[in-house]
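Turn these sequences into a full structure, and let the hints steer you where they fit.
Each residue of the sequence shown is one higher than the last, beginning at 1 in the working numbering.
Don't take every hint at face value.
[What the hints assert, rightly or not] Below, in silico cross-link-like pairs of lysine-lysine (DSS-like), each with a Cα-Cα straight-line distance of 30 Å or less:
#1 Lys59 / Lys34
#2 Lys34 / Lys50
#3 Lys138 / Lys192
What the hints contain is simulated information worked out from the structure, not anything from laboratory work.
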Amino acid sequence: MFNPPLLPGMPDFHDSVEYLRHNRNLSRESTAQKAGISSTHLNELIWQRKMPGSTVFDKLVWFFGLTPAQRWYLEELMLPSGHLLSTDELRRRLTDQGVQAHLDYLDQHEILGGYLDPLQTVLQGNEVLHRMMPGLDKADHNVIRWMLTPAARDCVYGWHGELLYLVRNLRTVLARYRDDPRAQELFQALRKDIAFRSAWDGTPMQVRYNWPRTTPMRLRVPGIRQPLAVNLEINEYGACSTVLIVHGLYSTAAIAC
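The following block contains the structure:
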């Protein structure tokens with residue numbers, strides 16, 4: 001059976017095109033012919049790492065049958081990498097916005113709340129969030145790094161599926177910030193974990209741009225027989241578009257059982 005090469009590194013436009021070609025088990029010449037472009041153009045994309053014009057790009061998207069999300073992903077890889085603000089700067093901005101009062105209010109109503117940066121690092125979170133994610137501080141407050149800990153494996157029901165969900169979202173973020181030192185440092189740290197490598201390498205070109213979830217996250221909470229269903233609502237924070245705000249709703253009656 002033919003197996004295409006993996007995409008183990010940071011997102012890259014040229015490597016992605018090569019993966020898509022290998023996935024079709026086609027030579028470059030055959031790919032170019034079937035896509036309606038010249039072999040010279042395709043070789044320039046791969047060997048000289050040039051970016052295609054809009055016409056050639058559209059033909060590649062059509063030939064490979066890419067989804068709208070995959071097209072968006074490759075478009076971002078053709079743009080210059082973005083720059084991430086430091087977590088200290090983002091936390092300062094959130095403090096200036098007075099978000100702690102909002103988190104305190106959510107705690108009073110037993111609602112999970114948190115503010116995350118694009119790399120899924122919790123900048124500020126309330127007591128409910130930290131109770132639901134024990135040991136988050138030991139994972140540098142990063143949700144994906146926490147998901148790889150024994151504590152997360154113990155309390156997240158359907159752990160593997162949740163990890164894949166996070167990886168597909170992370171891939172789009174890393175495409176946007178691929179040259180940023182913080183993004184590269186996180187990726188290299190994650191690659192040291194075998195579960196992350198398996199999830200990343202096993203889902204090439206699988207991407208998610210829409211954070212809203214259609215199914216709840218299910219957590220095992222001490223003292224409760226059945227996993228607790230937490231409905232997560234994730235949106236951009238209006239005062240700082242690079243920050244995500246997360247709310248988690250669940251039945252308080254289930255906790256009292």
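Taking the hints in turn, this is what the structure says about them:
1. For the hint pairing Lys59 with Lys34, the CA-to-CA distance comes to about 10 Å; that is within 30 Å, so the pair holds.
2. Of the supplied pair hints, the one linking Lys34 and Lys50 holds, its CA atoms being roughly 20 Å apart against a limit of 30 Å.
3. With a C-alpha separation of about 16 Å, the suggested pairing of Lys138 with Lys192 holds against the 30 Å cut-off.
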